[in-house]
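**Student:** Going line by line, the protein sequences match chains A and B.
Letter 136 of the first sequence, counting from 1, is numbered 136 in my numbering, and no numbers are missing.
Going from the second sequence to my numbering is simple: count from 1 and add 280.
Derived by calculation from the structure, the hints in this document are not laboratory data.
Mixed in with the good hints, there may be bad ones.
If we take Cβ atoms under 8 Å as the criterion, some of the chain A residues that face chain B in the derived model are [claimed, not checked]:
| hint | residue |
| --- | --- |
| 1 | 58 |
| 2 | 104 |
| 3 | 166 |
| 4 | 188 |
Even glycine gets a Cβ: it sits at the ideal position worked out from N, Cα and C.
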Amino acid sequence: MLVRATGVPRLRGDLRLRAYWLLLVAGMRTQSAYPLATFAGLVANATFGLLKTAILFAVVEAAGGGIAGYTAGTMSAYIWLSQGLLGSVNLYGRSDMTERVRTGDVATDFLRPVNVQAANILPAIGKGLFAFVPRGLPSIVIGVLVVGMTMPATPGPYVLGTVSMVLGIVLSHSVVYLVAVSGFWLVETRGFVGLYMAVGGLFAGLFTPFHLFPDWLQVIGRATPFPSMMMFPIDVLTARVTGFAALQVVGVQLAWLAGALAVGHLMTRAGQRKLEVQGG
Amino acid sequence: MVSAYRAVLASRVRAQRSYRTSFALDLVGAFLMGLAELAEVYILYTAVQGIGGFTFAQILLVFGLADLTFSLADIVFGHVDNLPEYVRTGKLDVYFLRPQPVLAQLVTSDISLRRLARAGVGAGALTVGLVLNDIAWGPATVALLALALVSGVATFSALFVTAAGLQFFLVNGAEMTNAFVYGGRYAATQPASVWPRAVTVVFGFVFPMAFTAYLPVTALLGLPGAPWLPSWLGWCAPLAALWSWALALACWRWGIRHYRGAGG
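Next up, chain B with everything else stripped away, as it sits in the complex (with noise of 0.2 Å):
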């Protein structure tokens, strides 16, 4: 079973590297994309001495693992928020045919390498960010990191889901999971100490994205976290990550019990 799941995503490796040039300019796409992101970071961080309690290296290592797991997560299930288009054509009623579950079929029935280079961006950052700041490494740096990169790409992946799981009810309007998906991953790229009461409830615990970069980062450098955010929270990345699953395939369920098919 496993090996039907990785024969189709092996063809479409292959589908997306056939086309050399096509593929080379998506990747050139994915990264500029990147980079004009990183742009904003560096013209803000750098027009004035830090914000929210951050300097450009500090927030370079946020953006960083922000990114770098948000594109991992985009690789593997980005494309799962493309359902209404396939509620339109018909695709998602021959996945209920098959034995084997709806959402693993849908995850695997693509895999996006071009935001390979979304992700090279990320990790260049966080690399740098490694780099400039000032950390005292030992195990439990390195565990922090690691806790933070796994439960970033989980948080993300249920992101995906969750939406998905919502376009179900909001075939035309579904844009609107853009506002917590790609509205998510710019809220993690920043100090969650600059945000107003509602957005922290809202990104900070509803749609955890104050776990996947600025808590962990604040405990890594021993910097003060935010109101109701305390620097200690980057610790509990994990627990994020399992609320978030657990948002994400509630809604799926919910989801899919509302699916009547789209006729034809």
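With the rest of the complex left out, here is chain A (with noise of 0.2 Å):
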């Protein structure tokens, strides 16, 4: 069967924008119907946030109170934050929308009156908004209250620091969904999951903060759009960068956001055309 979007009714404007913001609506509840889920993910959060705190307090305590910036509070508030973050920050580079191309249900996507990549991010987003609350909230309260944090004193990082928090989580849905179309050529994406997982994880900075990165590997990972769904939010928000940096920062999110979006958009495009099913 090949799918054509040309018999496709399109919805008028406002219904398709009421539509879009159901589908955002529509992640959150699904994301609040699991609450056992989302305890579970704290619980793991936890732990590998008190195990990070043991190294990486070893780490700074070694380098004589301070390292690359961080002093203790201002390295745990990394710690804390960037594992609140994890349940929101797709990292994992899996979406519903890997299974959905691999088993060919992407076909009936095609058939709704929506845009196909906005229908499977926003829900993606959704989800990874509602997280923040039962899971990156707790994760930055325990940090506080069992280790100890450094945060700013002023309101304008929190400010900047949400903007640049949620467009960190918008950006790394984006990116997965380019993870998952790309299974419109390949038979199997698990092989492109792991290259994420692994590249990601390391420049998002969910081992080891990117500061601590030798110089060479922090131009290889400035020249990715990872530090931007994780990292830099993190240093705008606990007030590392602050200022016209901070702005800074915020544009080159931007940019990572619209590109990441249109090659989604062409890749769909082509993906479409490419779509076989076979069987019906």
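Please assemble the complex out of the two chains, which come individually in their own frames, going by the hints.
**Tutor:** Now the structure itself:
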């Protein structure tokens, strides 16, 4: 079966916007339906947070109290914010779309009167934004209560930091979408998913702060969208970068996001022409 | 009966090798993941002069031993902690109908060859570590290493079975067991000397991660141990493996008694 979009009716502009809004809310609802799963994620985050604290505090101590601009307090802020964001930022490289492309279910998506790319990314973003409430905030609270952390005292970093964080979440889901739709050309995308997880996790600052990397590795990292997903938003939120530099970070994030969305759009169109579903 | 298991496993191996490109990409993905985690160790241990009494060369031994033994356990037992998937699809109910132990069927139902790449990273790190460090080779050191390898694989395998047993209760909360399975692997690559007491209790004794790599390496290199964890405990790795399996089988039996089927 060759799916063509030409026969699909388009929704009126305002209806389409409402459909997208509902998709975003549906994502949030999905996430809220599994409180035990969310709590389980929090337990895993807290465990990793404590282990990271142990090793990274030992690093700060071995460096004589400060390393690459981090003190114990700001290191703790990095650890617990990054663990808290794990439920929201997609660093695993997998999404519902991965499975839909593999199984051919995506064919039905092309028959719906909404944009396939938007309809797949929005629920994922909804899930991610919602996850920040039951998983992100408690993770930060655990960090504050158990370890303590240094956070900025002025409102500026929080405002711009929130914008940057949301952009990071949206960017991650937009890039994961690219991994998923590469399945139009590959039989199995697991290898790409693995690549995303390894390279993405490293450069997003999941394993260790980006700023501890040797210079050459930072240069490579800055050429990828991954630091913009988690590391840079944390920098803005903790006032490691402020003022014009912070705005620059947000600008870089916007540029990556625009690029990812544009490539995703082109890949979706090309994939739609390529898609062949067996049976029927 | 053994031949039945062998036939199942052989078919899994063939199945994974038949999609060559996909399998190759899988291997590359797993290899890169191993490298990324090795990169973390490299970055931290070269940023400062030693952490928790360990230099980069010394921690390579801990990382290598932990990663190699975890990956080997993961190849054979890793899929066991996908239990909720088996429950949801009803696959598990089929196992109950066959005259073989459910756990044995679950273990032999799959084998994750792509994790060989990950084991390769661990083996590489361990080999480099053994070359770089000044080790007084003799029958005792060889015995200690062999003991650590076998016990480490057993301990991590037990971890997967423990997770599977608990997942009968946590079908939607399976990620909770990641805290001690993957958290445990991460803990195993660290020098236990940096841990606060609470972590030492959990990952030193309850889930004895310190016994898989850190303690054998301190015994091997003659380094001082950590509070509550003197280096001679490195020789007790088999005891830790026994304890882990006792815990694992208890959790598994508890879980399987609780299981009432997913319906359908």
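**Student:** For each hint, tell me whether it holds in the structure or not.
**Tutor:** Going through the hints against the structure:
no.	hint	in the structure
1	58	holds, 4 Å
2	104	violated, 17 Å
3	166	violated, 24 Å
4	188	holds, 4 Å
Violated hints, in rising order: 2, 3; the structure is consistent with all others.
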